[in-house]
Structures are given as C-alpha cells and as structure tokens.
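*Asks:* Chains as they are written, first to last, in my numbering: chain A, 1 to 421; chain B, 1 to 252.
None of these hints come from the bench; they were simulated from the model. It is possible that some hints are incorrect.
[Claimed, not checked] To be clear about the criterion: a stretch of chain A counts as covered by chain B if any three or more of its residues have a C-beta under 8 Å from a C-beta of chain B, and this derived list gives those stretches:
1. 153-161
2. 174-182
3. 202-213
4. 347-353
[To be verified] Chain A side only, calculated, beta carbon under 7 Å to chain B, not exhaustive:
5. V374
6. E377
7. A378
[As the list claims (entries may be wrong)] What follows is a set of in silico ranges between Cβ atoms, one per label pair, in the way DEER data are often shown:
8. A:P329 / B:E235: 19 to 29 Å
9. B:D65 / A:R397: 51 to 61 Å
10. A:Q188 / B:E115: 27 to 37 Å
11. A:K191 / B:S97: 47 to 57 Å
12. B:D230 / A:R397: 28 to 38 Å
13. B:A94 / A:P246: 25 to 35 Å
14. B:G249 / A:A166: 41 to 51 Å
15. B:E138 / A:S228: 32 to 42 Å
16. A:P232 / B:G143: 32 to 42 Å
17. B:R232 / A:V416: 24 to 34 Å
18. A:Q169 / B:A94: 48 to 58 Å
19. A:V416 / B:G152: 47 to 57 Å
20. B:G189 / A:D241: 50 to 60 Å
21. A:A166 / B:A88: 25 to 35 Å
For glycine and all other residues, C-beta sits at the position ideal for the given N, C-alpha and C.
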Amino acid sequence: MNPRVPPPRRPGLPLRARLATTVGGAAGRASRLAGRGDGSVIGGVIGLRLKPDLLRLLARGRQVVLVTGTNGKTTTTRLITAALGADGQQVASNAFGANMEAGLVSALARAPDAAMAVLEVDEKHMPAMLEATGARVVALLNLSRDQMDRAAEIWMLARRWRAALAAAQGCHVIANADDPLVAWAAGQAGKVTWVAAGQRWHDDSWCCPQCGSHLRRDGDHWYCGECSNRRPAVSWVLAGDQVIDPADRSWPAGLDLPGRANRSNAVMALAVADLFGISVPQAMAALQHVRSVAGRYTQASRRGCALRLLLAKNPAGWLETLDILAPPPVPVLLAVNAQGPDGRDTSWLWDVDYRRLRGRPVLVTGERRTDLAVRLEADEVAFRVVGGIDEAVDLARAASMEVVANYTAFQQVRAVLGRTV
Amino acid sequence: MHDNLGLPGPVPGPAAAIRLVWVYPDLLSTYGDRGNLLVLVRRAGLRGMAVEVAGVNSDQQVPGDGDIYLLGGGEDLPQVLAARRLRADGGLAAAASRGAVIFAVCAGYQIIGAEFAGAEGEAVPGLGLLDIRSSRGEQRAVGEITAEVDPGLGVPRLTGFENHQGVTWRGPAARPLAAVLDGVGNGDGTEGAYGGRVIGTYLHGPALVRNPGLADLLLGWVAGPLPPVDPRQEELVRQLRTERLASRGATA
Ligand SMILES: [Zn+2]
Chain A
1 MNPRVPPPRR
11 PGLPLRARLA
21 TTVGGAAGRA
31 SRLAGRGDGS
41 VIGGVIGLRL
51 KPDLLRLLAR
61 GRQVVLVTGT
71 NGKTTTTRLI
81 TAALGADGQQ
91 VASNAFGANM
101 EAGLVSALAR
111 APDAAMAVLE
121 VDEKHMPAML
131 EATGARVVAL
141 LNLSRDQMDR
151 AAEIWMLARR
161 WRAALAAAQG
171 CHVIANADDP
181 LVAWAAGQAG
191 KVTWVAAGQR
201 WHDDSWCCPQ
211 CGSHLRRDGD
221 HWYCGECSNR
231 RPAVSWVLAG
241 DQVIDPADRS
251 WPAGLDLPGR
261 ANRSNAVMAL
271 AVADLFGISV
281 PQAMAALQHV
291 RSVAGRYTQA
301 SRRGCALRLL
311 LAKNPAGWLE
321 TLDILAPPPV
331 PVLLAVNAQG
341 PDGRDTSWLW
351 DVDYRRLRGR
361 PVLVTGERRT
371 DLAVRLEADE
381 VAFRVVGGID
391 EAVDLARAAS
401 MEVVANYTAF
411 QQVRAVLGRT
421 V
Chain B
1 MHDNLGLPGP
11 VPGPAAAIRL
21 VWVYPDLLST
31 YGDRGNLLVL
41 VRRAGLRGMA
51 VEVAGVNSDQ
61 QVPGDGDIYL
71 LGGGEDLPQV
81 LAARRLRADG
91 GLAAAASRGA
101 VIFAVCAGYQ
111 IIGAEFAGAE
121 GEAVPGLGLL
131 DIRSSRGEQR
141 AVGEITAEVD
151 PGLGVPRLTG
161 FENHQGVTWR
171 GPAARPLAAV
181 LDGVGNGDGT
191 EGAYGGRVIG
201 TYLHGPALVR
211 NPGLADLLLG
221 WVAGPLPPVD
231 PRQEELVRQL
241 RTERLASRGA
251 TA
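For reference, chain B alone in the conformation it holds in the complex (with noise of 0.2 Å):
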C-alpha cells in the first residue's frame, strides 16, 4: 500500500460499500488525482453512502471487484510501465469485463483505450477498455477546458485543465464524452470519450473536483439513483465552477 495516499477512513453507511480502486497512485497521479478519489467519498458520504477505498501500486495486484475504478495522470515512461503492467495483471480487464465502472484521466484515459504513444512516438499497445486509439499531436494542449457533455449522460457542461499532446480517436463502439467550446481535447472538436461504463477524458487530474455532476454519474451507476446532496454543501463547488467558466466567457 502506498504510504502517502492520505486516504480517508471508511465512510459508514447503511447499504454495501462502494469500492473505490485508485489504480497505481505511485505511475500515474502527476498532479493532483487524488481530487476525484476525494470527490467521490464526499460526494458519496454526503448521500449517506459507504465507500471503502484501495489504493493499489504498480507492484501489488489490482483486486478485481472494485466497483469504480481510478487511473490517472503520468509522464511518458510511467504511462508505458503503466500499461505494461496493467496488461499482465488482468485486473482491470476483468473488472470492466463484469462492468465495472473506469474513470481514467489523461494518460490513464490513453491507457484504457486500444493504443498510444510511448516516450519515442511509438505505438504502445493498450488495454483495449474502450474503443479509442491516441498518438502525439504536433503541439502540446496547455490550458483552461470547456466542453458540453452528451446529451444522453445529463451531466452538466465539464471544466477543467488540460495539459497534454495526445490526438484520441474512436472506434465505433466509444462516443465523445462531450463537445468542446473552449479548448483542445481529442483534437477533433470532441472531448473524451465513453463506452459502456468506462470514460476517459483528457480533463486532467482532479477532474471531478469542478465537475461534481460527472462524479454523480459513477456513483449512480453503481448505486442506482442519487438522493439530491444539501444545496449548502454544494456552495464553494458551485461558485468555483461559476467563476472558472466565467473566466472563459462561458456560463454554467
């Protein structure tokens, strides 16, 4: 276990636990992903919800019967250790196999996803999750983030930071996760992308933290419809997210 991962207790609650597994915290959390392990035991507990967390290094096995699943940030050789160890563990395949819920971020989200680039430019297989494939784009996407989120997933509009070179397509069976209005994302005027219950966005690290309604979607996936959260709770979150999309000219 890693021994800096700050992890909160077990929130008490009435039903089964919800199990959060933050998926190799020592390769790919470069900055700041513990916001969205964080975000959803708050928002988990403020529902009276159980969460039970695991964080899992890149030399341990990654339990298979997690309910929502974490991956986040890395630099280019963590990111090709990374998925060279989640392949030969299994763990994550079978856990999405039994339709778990992934949340991967960056390049955890390139991870997911059939292939990408290594620290040279060259193709490094991934896990295949979700029906996407990433190289490297001629410049580096540095910067504030906004995009609508489809329609169908009834999330509010994302903001967030992104910080990185990939290019991201889709296969057939992933849809873009949101369209952009402000920013780079996959490069093609969309930004990330989802399959199932598996999705991947270049928002980068604590991508929930400005995002609180893409955190309710994991949850009540697993847990089923959510009970509205105390709108006091909600106040710095919702200023914060004021105040970002602002900055860019947009509303919330």
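Bound-form chain A, shown alone (with noise of 0.2 Å):
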C-alpha cells in the first residue's frame, strides 16, 4: 500500500473508556443471542451512557472513512470496506447501517485492532461525526428528499455540511460532482476529489443552492444562469458500465451488484480506495465479490419462485429501483408501510413515477397499501392488493418475481424469508 492518507498515531484507551466498551460489547452479544436484532446499536447506547466522548476515543488514532448521502450509503460503505480489506487490512465498519452515534460506537468498539475504518453516517448526523472522529476522508454520495417528517430539510441540510466541511480543512472529500447540492456543501472543503458519479434525480436541484436562480444543464454539465456556482471539473468519471480514472484510463465497472446506482457507488469507492493507495484493478476485484448487501439484491426461493429483494426508500431511490427490473411479464411486488423509520407519511407515493410499470403484473401488500393503490390507480396502473409475499407468489404463479420494499417492509419480508437472506 502506497498511501496518501499518512496514519496517525494510535494512543490506547484510557480505562473508562475500555469499561465502557467492554459492557457495551456485552451487551451487543446479549442483545443478538436474545434474538433482538443484530446487537449493532444496544451496545453503543450502553457504552455512550458511560462515556459520553466514546466515539471520539474509540477513532482516536485510526483511519476514519465517512460515508453520507441520502442513497446508497449502506453499499457504498460496504463496497469501500471491501476495497480497503482488499490486501488484507482489517477494517471497523457498521455494515448494517446502524449510522447514529451509537453504531459508529459499537463498529469501532468491535474492531479495537483495525487502523482503518469505513462508517456509514446518516445524513443529519455527519458534522457532528465528522467533528467527533476527525474522519480523513469523507464521501459524499448525493442529496434528495427523504422521509421530510423527521429529516431536516435539504437546502439546510446543505448548507450544515458545507459548513462542517469548511471547518474541517484537513479532511479530504470525495464528492458526487453530478449533484449540484453535494457540489455546493463540499464548496469550501479543503481537499476534494471530485467524481462525475451521475444523478437521475433532478427534482431536488433545479434551483442554485448558492443564490437561488434557475440551474442550467447542458448534457452532463450544470451551472448557475445568474452566480459563479457550476459543476467542477472532475477526477472520475462513471461514463455508462465505465470507470475513467483520473489518468484516464478506463476500467469496466462490472459489479454483481445491479443497476447505475450501484456502479455509481462503485466509482465513489475506488475514488477513496484510491486515496489509500489501492489501485484500480486490486480495488474492483474486491468489488466484484459484493453480492447482496445487508439484505439488498438477495435472491431467496419462496414456494418455488425465485424472488430478488429490492430496497427503495425515497423517490430517488424508487426511480433507481424501477430502471433494474427484470423486464414484463415478469411480475414486481411492490410493499409500503409508514412506521417511525420510513416515514410516517406517504406523501411521496406522489413523486414516484410509477408509469412504466403498466403492461405487466403488479402486486401490492404492505401497511400502506391502501396509499399504494390508490397512487397506482391515478396512474393507470393495473394491480392486485395482497396480504404478504406468500399471497404475491401464489397469485402470481411465476418462475421469478421482483420484490421492491421501503425500509420497514423490506424487513418484514427479510424476517418471513428467514434470517438467511
């Protein structure tokens, strides 16, 4: 390895601080052996109740990797540990996207050993984590609407992560340059890489977050028709199944993983695989062996059909979501609820566009819906309302069938399919 992120040096834990770890550990395995989730935040609580600064004892004198955005934190966090462990590293990661303090606390406390780690952080929380592990590199994936009863708006949202960003001069920033939100946070950063990484989303940005006129596009390009703001020139490029790196060079991205979404990730991990020194082709390798993350992109057999789980949580999401299906007739399952994680509005049923699944068979179960159908109706959709998967199988009658699911109903699926998947 050929860094170009210097290791700092690593002090011990002061006694408390190892107390506080030691319970918190044990109180994660109590948790998982109860069989009440994956012991990932209970143990972090715990610890924190002790030790209020354990987070930033436990980064102390590591590497630290944060990964932050609205979509696709969980795999990109998962493809750059890969990346990262690819020559063997061991690497302190919250892989299943427990992203609040508390998980950070319990990944790190985990892997007291590992020098490097790769944390998830949810999008509100990032200046606060960024401040408390003093992260040498931070990505930045994208920005949209997402579950507005609980998260922050985004224009504010911007404009905190700019701030902490401009606060934090030696981190260094991979960020999405396709984003002109993302673009405008990491504005004032004092390193950054910028990566042409692509946004199908475009109803978050049509409006320049640095003044407020009307944003231009031109192909790939943006900038402000009134202000200096517009899209930097960047390092990366994910042009189609392509990586082009910064010598332009041009690298296949073929992942297991599907989707534009996912290759996207990818080139945001081989750009921070990059600053630690790991090369293109040593980085995709380890890429490749991705296959399901955290549940998503799982195939499970149910009576017979083959099923592939699909997470989509917001419109952007649902947008990605709906570009990877399996094409008609094969039959999509398509599962909202509205518990506390999810958002408790359905509101943006509304900002999905769910045209294209007309023609084909559409199923529909989930706490919500009602909403669902009732979206899927004003858009001249055909669909059957069923009471779970096994109904959706059995109705379907089909070799193979895509499930897509928000977040809460994707575990309920993943709890009837077994912990397996």
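Put the two chains together into one complex, using the hints given.
*Replies:* Below, the structure is given as structure tokens:
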C-alpha cells in the first residue's frame, strides 16, 4: 500500500473508555443472543451512557472514512470496506446500516485493532460525527428528499454540510460533482476529489443552492444562470458501464450488484480506495465479490418462485430501482409501510412515476397498501392487492418475481423469508 | 417547461378544457405535490371533462388565463424566492383578480397571504391574495390532521398530513377552511383559510388525494355542478379515507 493519507499515531484507550466498550460489547452480544436485532446499536447506547465521548476516544488514531448521502450509503460503505480490506487489512465498519452515534461506537468497539474504519453516517449527523471522529475522508454521494417528517430540509442540510466541511480543512472530501447540492456542500472543503457519479433524480436541484436562480443543464454539465456556481472539473467519471480514472484510463465497472446506482456507488468507492493507495484493478476485484448488502439484491426462493429483494426508500431510490427491474412479464410486488424509520407520511408516493409499471403484473402489499393502490390507480397501473409475500407468490404463479419494499416493509419480507437473506 | 413533470396529456371532452396551472414545481413541490394535479385531472376525466395542464417553472411567466392554480410546499429559502418571483411576475395576482381558483398548500398557503416568516424568522411580504398572515411557531407540527370543513362549502371532513412550523392568523376577508378535530393546523383550532375562490391549507403535499370532495369543490367552481362519479371509481379512495380517519379514531 502506498497511502496518500498518512497514518496517524494510535494512543491506547483510557480505562473508563475500555470499560465502556467492554460493557457495551457484552450488551450487544446479549442482544444478539436474545434475538433482538443484530446487536449493532444497543452496545453503543450503553457504552455512550457510561462514557459520552466514547466515539471520539474509539476513533482516535484510526483512519476514519465517513460515507453519507440520501441513497447508497450502506452499499457504498460495504464497497469501500471491501476495497480497503483488499490486501488483508482489518477494517472496522457499521455494515448493517446503524448509522447514528451508537452504531458508529459499536462498530469501532467491535474492531479495536482495526487501524481503518469505514462508517456510514446519517445525513443529519454527519457534521457532529465528522467532528467527533476527526475523519480523514468523507464521501458525499447525493442529497434528495427523504422522510421529511423527521429529516431536516435538504437545502438546510446542504448548508450544514458546507459549514462542517469548511471547518474540517484537514479532511479530504470525495464528492459527487453531478449533484449540485452535494457540489455546493463540498465547495469550501480543504481538499476535494470530484467524481462524476451521475444524478438520475433532478427534482431537488432545479435551483442554485448558492443564489436560488435557475440551474441550467447542458448534457452532464450544470451551471447557474446568475452566479459563478457550476459543476466542478471532475477527476473520476462513470460513463455508462466504464469507470475513467484520473489518468484517463478506462476500466469496466463489472459488478455483481445491479444497476446504474451501484456503478455510481462503485466509482465513489474506487476514488476513496485510490486515496489509500489501492489501485483500480485491485479494488475492482474486491468490489466484484459483493453480492448483496444487508439483504438488498438478495435472491431467495419461496414456494418455487425465485424472488429478488430490492430496497427503495424515497423517490430517488424508487427511480433507480424501477430502472433495474427484470423486464415484463416478470411480476413485481411493491410493499410500503409508514413506520418511524420509513417516515410516517406517504406523500412521497406521489413523487414516484409508476407509469412504467403499466402492462406487467403488479402486486401491492404492506401496511399502507391502500395509499399505494390509490397512487397506482391515478397512474393507470393495473394491480392486485395481496396480504403478503406468500399470497403474492401464489397469485402470480411465475418462475420469478421482483420485490420492491421500503425500509420496514423490507425487513418484514426478510423476516418472513428467514434470516438467511 | 419542467423536464420531469410526468404530466398526463390532454383529456378529451366535450366542453372547453379546464386549464390547470402548476405554479413553480421547481421551487414548490417538496413532497408529493404532484398528487393534487393528478387528482384534479382524474376527477375531471371521470366526468368526461377536458383538462389542459401547464407546469410553470420559476424562470417562466405565470399565465394569467388559467382556471385553477396549484401552489405546493417548499423549504424556507425556496419559499422566499418563490414569493419574490411571483410578486415580480404578477401573473397569479392577475388571475386571482379575474376570479380564477387558487389552491395552495403549506408554504404555498403562506405565500398567498400578506406576510410570512423567512429562513431567519424575518417577515417576508406575500402576494396578499388571501387575508392571512403567518409567522413561525414554537414547535413543528408533524402528523396526521383531521378537520371539519366550513359547512358552507359542503365538503366532507378533511384528512391529511401536516408538517410545518407556521402559525397563521386570518383577517376579516378570510374564513377558516375547517375546524381542527385532531392536529394543529393554523394554531388556533382552525385549519386553512379561504376567501372567494382562493383556498390555502396546511394539509401538505397531495392534500386532494384523501379529500376528493375538496378537489370537486375546485372543479365545480370552474365548471358548475358536477355529475356524480361511478362509485367503483371511488372505492379505493373511500377505503383510504376510512382507514386514515379510523387510525385517528374518527369516521368519514
Ligand atoms: Zn447561483
């Protein structure tokens, strides 16, 4: 390895912090044994109660990479972890998406000897987690509307990111230049590697975050009609299924994970890996081994039907997911809930264009299936309402089926199929 | 024109088309606001009425000859920008003075009033199309809302979701749209306001989806008495209303 990010010195943990991680770790194991979740949060919660600055202590002396954005955090975190671990390095990571402070604490406490950590961070919490972990690298994927009943408004969020990154001048930002809000948020960072990772969803970036004027678009380029804000010059480019590196070499982005969104996640991961001296072929070989991420893209068989599980949590995510569906006549089961982690408001359904589901078998389930049914009716999509996955399989009588679900609906499907997925 | 409106094409019908204008979807459509447009198009279509839809971005002129204007929700900064541009444009005010129907949601509701609070809480002038003033309250109101509509409007009880920090007062030329049964609304036990054919509400995003009666009120103001809709075409919406109201311990 020939890292461009110099490794820091690693002091030992103070006694109280060691105690806090031990107690927290025991609680996490107990939680797993009791079958209450994967134990990735409870340990951190208890540890933080004993030692509120535990995250700072646990992060000290490690090279921390934070990954944030509205979509693709969990997958990109997994890809970066794979790439950085390509040469056998131990890498701490919150691989199951527990992305607030307790989840980060648990991930670091579980891997006390890992010199590197790749941590997914909730968008709202990025500034505080950046400050606490002293991260060397922050990857900014995208920013779009998501669960606004509990999340901050995204223009406000972009402002907070911008202030936090301006204050952390030693941090190297890897940012998606194709997302105007992300580009603006990274605009005052000390060092930025710009990546043309693409932006399929434009509905949150019609206007300039700098001055509010209309943004103009010319192919991939975007610029403000009134002020100097424009797409920065990029070092890494995702062009179709090719990745172009800063030396202008082209590499096939041959992933096992489907879709443009995952190629976008991969090019971000390659740019991060490059900072740590890991070459594209070396990193790419590691990325190709990632087949599913916390159940996403998993294939499972149910009553003779081959299911593929796809998670879509917000309009931008649905847009990307509808893109990768197997072609008709493969049936699609849509499942929507509105519990806390999903957002209790289903208004976002009206931001998704479902018309492309016309003319194929569509089944609808989840706690808010009636909201979804009314939405599909307005888009003139024919559908059947079903009680759950088994009824869907029985009714569809197909060899395979695509299952698209939002967060808690996805977890419910996984629970029905067993923890194997 | 917005390049991702997903707008339906013109619906053919016997009479002159109803002209729907979606105002500034680039600034004011944070959360499913397209739903209101789709519901109006659908309910007009179920009566065989023709509809023309125009999405007007904030760098375009607002046409003065529309029949129904829709304004959606938006964050603080886009809201201030939208208000400034709509004041400079004048198209919406011209339409309102002709008696056009205006239906405004959340940030849009505040914009059509005399004044509202900007990003730092400062007073920002609105369009003055509805006799209301808004400012920022202590707490954000987030959750399901149920409200009984002013009996004079003949619209069934409202069900929706609110997500705002606004507090709104009415002047003498505006009446409350509804009385809150569950939720926050304007902050004084009332929800929304109307004056003439201008209506505003804190039910955010696709407010008309769960309230087809309100959609029909707007259409009726333009087209006169509406024929009934085939009950089979309303079955799902009726079920949705019943479910949402039941979740708050209310009936339809
Ligand atoms: Zn600008």
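*Asks:* Quick one: which hint numbers does this structure break? Sort them smallest to largest.
*Replies:* 2 and 13
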